[in-house]
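Listed here are the chains, written in short residue letters.
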Amino acid sequence: MKPARVLSLILTAIPFIAVCFAVPLWDRVYPLVLGLPFNLFWLMAWIPLTSLCMWGVYRLGEWRNSVPPSREKSR
Amino acid sequence: MTPSLIALSITGFIVLIGAFIGIYAGFRRQMNLEQWAVAGRGFGLILVWLLMAGEVYTTFAFLGASGWAYSRGGPTLYIVAYLTLCYAVSFFILPKIWEVGREHRLHTQSDFFLQRYGNRYLAGLVAILGVLFIIPYLQLQLTGLGIIVQVASFDGISRSAAILIAFAIVAGFVLSSGIRAVAWVSVLKDSLMLIAAFSIGIGVPYHYFGGVRPLFRALAQTSPQHLTMPGSTASMGHSWFISTVLLTSLGFYMWPHAFGSIFSAKSGDTLRRNAVIMPLYTITLPLLFFVGFAAILIAPGLKNGDMALLTVVRSTFPPWFLGLVGGAGALTAMVPAAILILAAGTLFAKNFVRLLFLPSMSDDAVAKLAKIMVAVVTALAMYFAIYSSSTLVGLLLFGYAGVTQFFPGVVFGLFWKRVTTMGVFAGLLTGVALGMWLFFTKHDPYHGWNAGFLALCMNLVVTAIVSLVTSSKEIATHELSSAVSCR
Chain A
1 MKPARVLSLI LTAIPFIAVC FAVPLWDRVY PLVLGLPFNL FWLMAWIPLT
51 SLCMWGVYRL GEWRNSVPPS REKSR
Chain B
1 MTPSLIALSI TGFIVLIGAF IGIYAGFRRQ MNLEQWAVAG RGFGLILVWL
51 LMAGEVYTTF AFLGASGWAY SRGGPTLYIV AYLTLCYAVS FFILPKIWEV
101 GREHRLHTQS DFFLQRYGNR YLAGLVAILG VLFIIPYLQL QLTGLGIIVQ
151 VASFDGISRS AAILIAFAIV AGFVLSSGIR AVAWVSVLKD SLMLIAAFSI
201 GIGVPYHYFG GVRPLFRALA QTSPQHLTMP GSTASMGHSW FISTVLLTSL
251 GFYMWPHAFG SIFSAKSGDT LRRNAVIMPL YTITLPLLFF VGFAAILIAP
301 GLKNGDMALL TVVRSTFPPW FLGLVGGAGA LTAMVPAAIL ILAAGTLFAK
351 NFVRLLFLPS MSDDAVAKLA KIMVAVVTAL AMYFAIYSSS TLVGLLLFGY
401 AGVTQFFPGV VFGLFWKRVT TMGVFAGLLT GVALGMWLFF TKHDPYHGWN
451 AGFLALCMNL VVTAIVSLVT SSKEIATHEL SSAVSCR
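Chains as they are written, first to last, in the numbering used here: chain A, 1 to 75; chain B, 1 to 487.
It is possible that part of the hints are untrue.
Stretches of chain B that chain A covers, calculated by requiring three or more beta carbons in the stretch to come under 8 Å of a beta carbon on chain A [stated by the list, open to error]:
1) 77-84
2) 267-277
Within a straight-line C-alpha distance of at most 20 Å, the following computed SDA-like cross-link-like pairs (lysine to any residue) qualify [claimed, not checked]:
3) K2(A) x F415(B)
4) K266(B) x Y58(A)
5) K417(B) x I465(B)
6) K266(B) x G61(A)
7) K417(B) x A379(B)
8) K2(A) x F92(B)
Derived DEER-like restraints, expressed as beta-carbon distance ranges [what the hints assert, rightly or not]:
9) A365(B) x F21(A): 20 to 28 Å
10) G35(A) x I277(B): 22 to 30 Å
11) S9(B) x L7(A): 40 to 48 Å
12) L16(B) x L7(A): 49 to 57 Å
13) I14(A) x N119(B): 36 to 44 Å
14) F154(B) x G61(A): 50 to 58 Å
15) K2(A) x R102(B): 25 to 33 Å
No lab work stands behind these hints: they were computed from the structure.
All C-beta atoms, glycine included, are put in the ideal place defined by N, C-alpha and C.
My request is simple: use the sequences and hints to build the entire structure.
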């Protein structure tokens, strides 16, 4: 696999690990951050961070080229 | 004027404006099947965003999320998690689905299965299962709309009567407009929804506690266990969270209506950019959690957690504001309900009846039958809404256990050449049967795992194994049939 492709897969995996699989690590009340229980704060923080990761994937453009076969030829 | 009259008339006024926009947007356009179902495939980034956001912000988020924050506590956080991750999933599969859709002029999810696997019985099965699993989702919207009417009338209108009113509003709205209308009403719905979410989400904690920080400080003292998983439940711990988030984020675009909305986009790139910005929409959801959590201290002991948000609004704000929130809430039920019904009607008429029984039906006849189905599907959902006591979130999780079973068929179909019709048939039937069996025998969650997720795992395994066993035979026939269809 090309490095850009690997990087876009990693960028996609990060939110899944942070938001889903790592739940035992962040599911607690303390410390309260910005007045929010830690688990709620963590999830809210990962909303823009997920967008950022996917923006990175978009910019890498790996998947854009692979979809329409006709465009691939012209490149 | 009595408070209930003020609240109800403002709610009613907002509903009327919504209906008016809907009728106006559909006006003067020839409503053929292509327009009615996928709006001529011309939606750019903004309209796709509106349409898809319109599908996300349903009564489920408005009343259900706050309701679970109130009654279940910590497990409700799964909603923020899955509404963030589902878009990352969509980034990779939606543009591919769209490409297939454009090339073969597809309207529905079942069309996609027919195109990919070339088997009309599989496509018919996908269609009828899709219609069946839409019913609980629709039931959720009607129940929510019923709760709004009930609370806004200060309990003057009974639950059943309120649901009956909800049914009439929704059916009328759908029959007068197609999917384009729905996207435009979303503009009104989402602006009102944002106003309501911010003013309640910030206003309620300030009014009673002097801010969000003191609210959570108070809760952390009185009921800290409620704020983490498993909250007030016995079985919704971390394994439940992980399995539920996976099930729902993978299944998000497997809903027939969400799948259908993919085809209304102008390009695959629109969908990719949409996937990047959509998570930001989820940021307002926690505001609704605040209200649900605050209600624990303000209005303890409610029998129906789904009424928590509106009950708090009613006892905190003046009647006109309750009316405004009620109107916003009513639109968040009407718009998604309309999308759901449109999808169910089209699926039933085009992909079940025409495909399996009456291949000679014209497009116009299909559109007519789809409209008749609007009444039938809505009536069924209304029947269940009146006679069921499931929570709003519970209803949606049941639906997810069903629709996510389409995931292997779609994703293997896009990315794995060796998947076979037999494999998808076997996997789908196994997944649906296991999922429904676990649900109806009250085995959800099963040993701390989401039942729908376990069914999905079985589905994936069965699809893969059966495909590997049957692939050599089928590839030969498939190549033949695709060679024939190309020329």
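Here is what the structure says about each hint:
no.: 1; hint: 77-84; in the structure: holds (count 4)
no.: 2; hint: 267-277; in the structure: holds (count 7)
no.: 3; hint: K2(A) x F415(B); in the structure: holds, 18 Å
no.: 4; hint: K266(B) x Y58(A); in the structure: holds, 18 Å
no.: 5; hint: K417(B) x I465(B); in the structure: holds, 14 Å
no.: 6; hint: K266(B) x G61(A); in the structure: holds, 19 Å
no.: 7; hint: K417(B) x A379(B); in the structure: violated, 41 Å
no.: 8; hint: K2(A) x F92(B); in the structure: holds, 17 Å
no.: 9; hint: A365(B) x F21(A): 20 to 28 Å; in the structure: violated, 50 Å
no.: 10; hint: G35(A) x I277(B): 22 to 30 Å; in the structure: holds, 27 Å
no.: 11; hint: S9(B) x L7(A): 40 to 48 Å; in the structure: violated, 57 Å
no.: 12; hint: L16(B) x L7(A): 49 to 57 Å; in the structure: holds, 52 Å
no.: 13; hint: I14(A) x N119(B): 36 to 44 Å; in the structure: holds, 39 Å
no.: 14; hint: F154(B) x G61(A): 50 to 58 Å; in the structure: holds, 56 Å
no.: 15; hint: K2(A) x R102(B): 25 to 33 Å; in the structure: holds, 27 Å
Comparing the model with each numbered hint stated earlier shows that hints 7, 9, 11 do not hold.
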